[in-house]
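Here is what each chain is made of, one letter per residue.
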Amino acid sequence: MTTQRYDAIVIGGGHNGLINAAYLARAGKRVVVLERRHLVGGAAVTEEIYPGFKYSVFSYVVSLLRPEIIRDLDLPRHGLEILPLESTVTPTLDGDYIAAWADHDVTRREIYRHSKRDADAYDEYNKLMHHMAMAVKPILAMVPPDPTSLAPSDLRGMLDFAGIFRALPTRQFHALYKLMTMSAGDYLDEWFETDVLKATKSASGIIGTFMGPRTPGSAYVLLHHYMGEIDGAFRAWGFAKGGTGAISESIASAARELGAEIRLNAPVAKILVKGGRATGVALENGDELHAPVVVTSLDPKRSFLSLLEEKELPADFVADVRRYKIRGSSGKVNLSLSELPDLTCMPGAGPHHRGAISISPSMEYVETAYDDAKYGNFSREPYMDIIIPSMIDPQMAPPGKHVMSIFVQYAPSNIIGGWDATKREAFGDAVVNAVTRVAPNFRSSILHRQVLTPADIEAITGLTEGNIFQGELALHQLFFLRPAPGWAKFRAPLKGLYQCGSATHPGGGIMGAAGRLAALEILKDVPK
Amino acid sequence: MTYDALVVGGGVNGLTTAAYLARAGRKVVVAERRATLGGLCATEEFHSGFRANSCIDDPGWVPDRVMKDLGLAALGYAPTLAPLSMSIPIDGGSPIVISPDVRATAASLLPHSIRDANKWAEFCAFVARLSGFIEATYSVRAPAVESSAPSDLLSLLSLGRKLRGLGRRGMIDVIRTIPMPIADLLDEWFEHEGLKGALSTLGVLNVQHGPQSGGTALVFLHNHVGLPVGGIGARRVVRGGVGVLVDALAQVVTRAGGEIRTNAEVARIRVHEDCVAGVVLASGEEIDVPTVVSSADPRRTFSSLLDAGDLDPEFLHAIDCVRMRGPQVRVHLALSGVPRGAVASMVVAPTMTYVEQAYDAAKHGRIAERPWLRMSIATIDDPPLASGGSHVMSIHAQYAPYHLRDGWTLERRVAVGESVVAMAAQQLPGLADLVQHSVVLTPPCIEERYGATEGSLLHGELTLDQFLFARPVASHSRYASPIEGLWLCGSGTHPGVGTAGASGRLAAKEMLG
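So the sequence lines, in the order shown, correspond to chains D and A. For the numbering used here, count along the first sequence from 1 and bump the result up by 143. For the numbering used here, count along the second sequence from 1 and bump the result up by 1.
It is worth saying that the hints were derived from the structure and are not from the lab. Bear in mind that the values here come from a model prediction, so they are computed numbers and not experimental data. Honestly, I wouldn't trust all of these hints.
Facing chain D, from chain A, some residues (calculated, C-beta under 10 Å) [as the list claims (entries may be wrong)]:
#1 179
#2 314
#3 318
#4 465
In silico BS3-like pairs for lysine-lysine, Cα to Cα no more than 25 Å straight-line [said to hold, decoys possible]:
#5 A:120 with D:468
#6 D:384 with D:544
#7 D:671 with D:638
#8 A:69 with D:454
#9 D:667 with D:280
#10 D:444 with D:638
Where chain D lies over chain A, by a calculated footprint (3+ residues, C-beta under 8 Å) [stated by the list, open to error]:
#11 170-177
#12 180-194
#13 211-217
#14 354-361
Don't be surprised by glycine CBs; every beta carbon is placed ideally from N, CA and C.
Bound conformation, chain D alone (with noise of 0.2 Å):
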């Protein structure tokens, strides 16, 4: 057994915890990292699962990257070559479908083919999210104030986000209350009559919750997709050069060329507290690192449940850490192919290539989706959203083979009987055969399949329930109740102890924003 001393600790490779690392670097302290997997990353990395084959096994678009962290950190200069994704193509029910494309009046002609004036709202509905989401941004870096404190800087914090709200203009104001408050498909249905163009946005408020499109609270998510960098775009997506742990391995690059340590297979197994605080953690290996900062960009459920003992904390904040929501809700589906799906409703190669295809057809098929998953089994026809990476980067895949990712939704952590190998190879069975359905020549394309449940997801990621947000993003889940009431600033009840995962406000997605954040909060607490 040995022991070594650091300035900080931080527990988990994935994005968060490398850019928290960078960040605590830059300020000359000494920080390790400390991965349990053999690459970093988390749930962004790449991986050659079949030969020549990559996959972004989990994560597999950007659009939230904060962009003071690209800057601070140059991650350019480390090899982060963001492309764009241009476009969505929503096979009907029909034979038809409903595209958006880079081009904007292209989209407002395809959107026009379906309903005048569905094209009249369209731009309406874009400029007002568009300001909102502008006006909203400012709270992505904000460090959320404890609206219960009376301490001045709380206060403060309390000051500065109503002043965001009633900074807005009166209409914009209410629209962003009903944001808050309504469902997607509610909140749709007050501008959009084209279904199809309704369950395509409403399925993005969806993705990574346990929640239906009718779901009250699955609105506000729609947000997002306008906080992205590429301004006003339907659909402000990217695709990492090199698949997504280009990403992790640039901030990793990053973060070395700063002086920080990243320890590979390096599992903890607790976090060693002392006198009320902590002071270290141990490994599984029975390696013990001491440093007066700990930071864990683990979900709280792992931090606080199972790297440490329940005695340790205070009993309040334990049931509040219980309570916590996290269900995992998604699956994803990897492949190899042959050749590109030939979609039905747009024969032969083209543009839609380098785009996503929705699998959401219907306000009603992907309700009928989440129907299923709320009594514990996975959606026999599930909504998908699936990507070509190979036809953005070339070198994802072998000259003329492609790699395909989906990312599939309903499919419950908490299914019937729990999830195993019957059930996954089922679950992959539906996938193919909804995609199937709208390209016939995929089923026999196919040359290898991953198919990755809640259960896989947690299991290889270590991420609870396999929920990618570390935590559903909520009303009564997110910023001073982001993971728990008073917890909500990056600290933990242990002095010494911080977090910096999804599960802290702004939460999930490749945002980075928990990690730079909880750098900065330490940064505050600890001597220069």
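Using the hints provided, position chain A relative to the given structure of chain D.
Just chain A, lined up with the frame of chain D:
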């Protein structure tokens, strides 16, 4: 005859506003389209010798201020909390009886779950604390969150102070609980499926949402405003039916010099240069009046009583977007006797999943095959509602949505009534033989008969997005409308249904300045 103000609709809120205006010396006339007053809060004969509360069994919380200002107690309105509020039949076991007596309820839970029995008192206190805070917001007009006027900032501040008064944990509880699904809240407290199933119905009562829908915890808390600690699901019993409240209010109006006209349907509100000019009745009679107060729901008021050209399209669009969605069917039965084992109020909702599944049907535009039921036999507490020892049973069944995929037909109405009675008979064997007559009110029936758009008993769902400053729409949540001289005072405004007379009083207060 000239009037200062005309009130559209003789329901609880319309009459309350009229009473306040009349007492302030205004010449007021109330125009009610039906032959009887009361609107959704009427007690009517539905079969010779049988009277029932037509749409709602409980008029809701009448704020103390209204009771006192209008002297309602002296006029005979004296509701009592039923000693037995809700009985939950459990398959093959003793029923759970939830009553305002906290200890008795805990004792009734004991055979089913020791854990839940132990938590009951704490849960009652929790609900009372949170709904107490909501009650405070109901006694004043809705806060104007985006206004910077000193009076608005002050009222926001006072609201903030009330919130602070709850202490750290209490504040967190309020902020955290309101947007939650009722299912999550109940899962945090209890383990017994039957208990959770029954309680969850109080979170989805009259709204087209399921227990897993966000914000249904607010509906649950709203339904407990004005009730004492322990009054979970409690019902106020009014001898003579809920119509007694309406009679009392009508007396206040006439005594103060107000006039009440029944069979006087307002067909149109006349507007001249953005100002109210008067109304036209269905009979063709025209009444010139400078002020019109509508207790009809916002959709009916603005989309059907006014010409589209009178209003700004953006405002009209916002009104058209107000979610009404009546999700319930109500069945009145004339019974020759009380079914064996029946009590005054029973809930059939075996689990939260059961309720959720019933909601799924409505979500997809279908009638639930197995709806949850709340059955009441009003004559047990109030025998004179039926003559000669007979009884009246009213069943509230959810969900039967207004927007039915294939539309409502007479056959569907009959079928849903039959299936509701059959379900009730499963709980109460022998019921079918006692039924002498039945009346089925679907959402379209309620719309047609009472003028409530989409059959919504709430005049618009009371959910987070249609609450406080967003009720009925965020730009106009303080009773005034874009038309000068036209005001709203019905349940579609803050604080809304379940708080009898609160909207009516606040509207009158705004008008009188």
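Hints, one by one, checked against the model:
{"no.": "1", "hint": "179", "verdict": "holds (8 Å)"}
{"no.": "2", "hint": "314", "verdict": "violated (13 Å)"}
{"no.": "3", "hint": "318", "verdict": "holds (8 Å)"}
{"no.": "4", "hint": "465", "verdict": "holds (4 Å)"}
{"no.": "5", "hint": "A:120 with D:468", "verdict": "holds (22 Å)"}
{"no.": "6", "hint": "D:384 with D:544", "verdict": "holds (17 Å)"}
{"no.": "7", "hint": "D:671 with D:638", "verdict": "holds (18 Å)"}
{"no.": "8", "hint": "A:69 with D:454", "verdict": "violated (54 Å)"}
{"no.": "9", "hint": "D:667 with D:280", "verdict": "holds (23 Å)"}
{"no.": "10", "hint": "D:444 with D:638", "verdict": "holds (19 Å)"}
{"no.": "11", "hint": "170-177", "verdict": "holds (count 5)"}
{"no.": "12", "hint": "180-194", "verdict": "holds (count 4)"}
{"no.": "13", "hint": "211-217", "verdict": "holds (count 4)"}
{"no.": "14", "hint": "354-361", "verdict": "holds (count 4)"}
In summary, the numbered hints that this structure violates are 2, 8.
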